[in-house]
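Turn these sequences into a full structure, and let the hints steer you where they fit.
Residues per chain are reported as follows:
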Amino acid sequence: MGLKAYIDDIVQAVVTTAKGMRITARYGADPKEEVTLQYPEERWELPERYRGFLHNDVKKCTACTMCVKVCPVDCISLESVRGADKKMVLASYDINIGRCMYCGLCVEVCPVKSLKHTAGYEMASTERGELILHFIGEDAAEVKARVARQVAEAAAKAAEAAKVAEAAKVAEAAKGETKE
Amino acid sequence: MEQAALALMNAFPPLAGVPPWAVTLLLIVAAAVVILVFALTFEGVGSLVLRKVAGDIQARIGPNRVGPNGILQFLADGVKLVLKEDIIPANADRLLFKLAPYFVFVGSFAAFVVVPFGVGLIAADLNVGIYYVMAVTSLVVVGVLLAGWASNNKWALLGGMRAAAQIVSYEVPVGMALIPAVLVAGSLSLQDIVRSQEGLLGIFGWNLFHNPFTFFSFFLYFTAAQAETNQTPFDLPEAESELVSGYNVEYSGIRFGLFFLAEFGDMFIVAALATACFLGGWNVPFLHAGTLPWIWGNLLSLGVFLAKAFTMVLVMMWVRWTLPRLRVDQLMRMSWKYLVPLTFVNLLGVSLWLLVFKGKGIPGMIASLFG
Amino acid sequence: MTARPDALPTQEMTINMGPQHPSTHGVLRVILTTDGEVVTRAVPDIGYLHRALEKIGERVTYAQYMPFTDRLDYLASMNCNCAWAWAVEKLAGIEVPERAEYLRVIVCELNRISSHLIAFGSYTADMGAFTPFLYAIRERERVNDLFEMICGSRLTYNYARIGGVSGDAPPGFLEKTKEFLDYFEPKIDEYNNLISYNKIFVHRLANVAVVPASEAVAYGLTGPSLRGSGVPFDLRKDEPYSVYPKFDFKVCVGAGERGTTGDCFDRYMVRINEMRESVKILRQAVAQIPDGPVLAKVPRVFKPPVGESYFRSECPRGETGIYLISDGSVNPFRLKIRTGSFVTMNIFEKITRGLMIADIVAVIGSFDIILPEIDR
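Residue numbers (our numbering), protein chains in the order written: chain A, 285 to 464; chain B, 167 to 537; chain C, -1 to 374.
Among these hints, one or two may not hold up.
Derived list of chain B stretches under chain C, where covered just means 3 residues or more per stretch with a C-beta under 8 Å from a C-beta of chain C [to be verified]:
1. 224 to 231
2. 319 to 326
3. 484 to 498
Just so you know, the hints here were simulated from the structure itself, not pulled from any lab data.
In this text, a Cβ means the ideal position worked out from N, Cα and C, and glycines have one as well.
Next comes the structure, spelled out in structure tokens:
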């Protein structure tokens, strides 16, 4: 290494260091360059499409099980029974948000748009069980029993109605017979 | 200290009955406590300032949760370090492992003894001041090497070896870069060096402006001293991205805390030496601190000294957050192929200058031109 | 060196670098055999992040696999998403609306920028300068904001769909992208001034771990790692897919700017320069994007015809190739993914012989490896 290269080396080291230090000094001196968002007090605005926790509007839900089928990690489980009016009634609708990866496929396939992402992203729990969201307040067995009762009642009613109708028919027939 | 003790006994008659050695001992302990308190406070506040400066430079805020604007953060850190579990790894050399942090801390703390804080504010104005600092800070090598060896960890061992090689190599340029100041002052005592920079508007008397060679030797000293105290960009012994944390990887709790404090202590020592040897020390601009009343002279000079030293510390932090780290062979090359020859050439230049111009600096010559 | 008979008996030391180590970019484990600071052998040991992504692919439907590609390379999820979509579309012969292709290119290039930012930032942090890392993260945050706007997520985007994309650009997205580009372009010069040409940084990287062009090709390196060796091979140019032929951009190659062609500095510089090219592509794409639908009609129960296909696309870490065999059912019969980072592990042992421990970190960073891509 010649003397020129030697001195060049030193000069370059000093110059490039000075250049870098000028930039860091600018950031250090300028308070406007701070970008920190002090999270719990300040929050950023969530966009409309934000994929937070899932929420199912159970009143709208038709229990079509599309979401269950599309979920790649099987975090949604639902039980349903056929109600008195031939529509499906949800007995339970659970989402395990500990397992959910917030991919949004279930929301996309929901035909009645009852399943939606909320803007929620904060939750802490000490037990895994707490991570399972139950959207039906009642116990699944209770709902099933209630629906079964309703179905039975409806069936009974229908049977009664049928009986009455039958009786009416018989009476009609008897009337006709007597006429003859 | 003995003279101070005698003076104290003369000033306060009730002390007359006490043996002089007891008063001297008391004074020594008091001075040690004052310096220890100063060192610990500086180290605590220094860590906070370091983080704040890092935050500013990195476009963030830095610690701001403990106390107003985060100023109590260092207390929280300290409490955490003290309360943490002290872990000694299995198969570690327990005695050496426990001993190492004290070596490091003592090495850095003992150097505070000769720091000239003010006109009369110096714990011991040794006539070999600079030599003493160089010698006593070498104790750090022993501690770091012990820490690396005793941890029974290969990363720590590598860190310790790096530290030993680095500190020993950089002691040469550090010493050589300080000698110009000694030559100008004609004394190894730090107080004498500071006094030699008096006058000439307080600024142009500084060794920094004495002649071109002393100007360069300031920068050479600053670079080499950063390397000697393992500051970034020369923090290879604890390079966190290579050696995880180097020699202190296995330390926790207060033992780690001692390493941590020593690091900041070293930082201050470097800044203080740079200030004392090149930046005029405690000399107050436009005034003669020595001729002022005792209290005012000391207060003013202490303020000036601390302001200069802290500015240097800030510059060190600024460098730290800008530069990447050298590789170990490049570090050695930088010492032996760049800094050592340059400091020698520089020393030769200063000596020749002093010989040719009879010890006069450029500002002195200009001043004499105008009478 | 000649061994003296009375010399002290010395022994090589074996150190595990990783799986927990700050600069192995994840859970890579490198078994180092060192003679003091000099590494005589460095053997990468992979597999700590194996999640059987390829096997999972055989058990879920084509559409369901999309979120898993997010996890293939979490710093460039968009590129992986789109690679999967393009691969399945190639297998099934689906025509994609043009606007969707433009949107894909926009998000891919944005993601390339954000991925290279992390590469740049973590590399400088590996070299000991922590500040540029935070600057890089700051810029990446803006890209994340854009992604959050278009797909609702900040890391695992799941944006592409078979036959298009999940949603059109929301109002204001393209303007914000332009804004970001105007903000970001000058920052590249700032990075160069701050660190790229810094003497210490250059010294750390130049002439370290040189991969000659012939060797890079022989070992199958792709992406910036290959281009750093001076081979101008870029799938966006050489095997154009999507709407890339419509854009004017340059393939960045290493030219031995500060040392030998193919050293760590060249690989690093290729990434910095590629960010500029991505900005160029983005400007053109944002200006040219046509109107129209963003999702082709694809049957809900999607069954591609029997057959196989291989599709490769240029991801930030090299070529991501997806090999698919379909047996006509809803699941792929076989899925194989070829990733850029995995291939670099082959050459790792060869080029690290005789380097120092600090250089190992430089080599890992210069390939910009990411562990989920290596282990899959």
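Those earlier numbered hints the structure runs against, lowest number first: Hint check: nothing fails, all pass.
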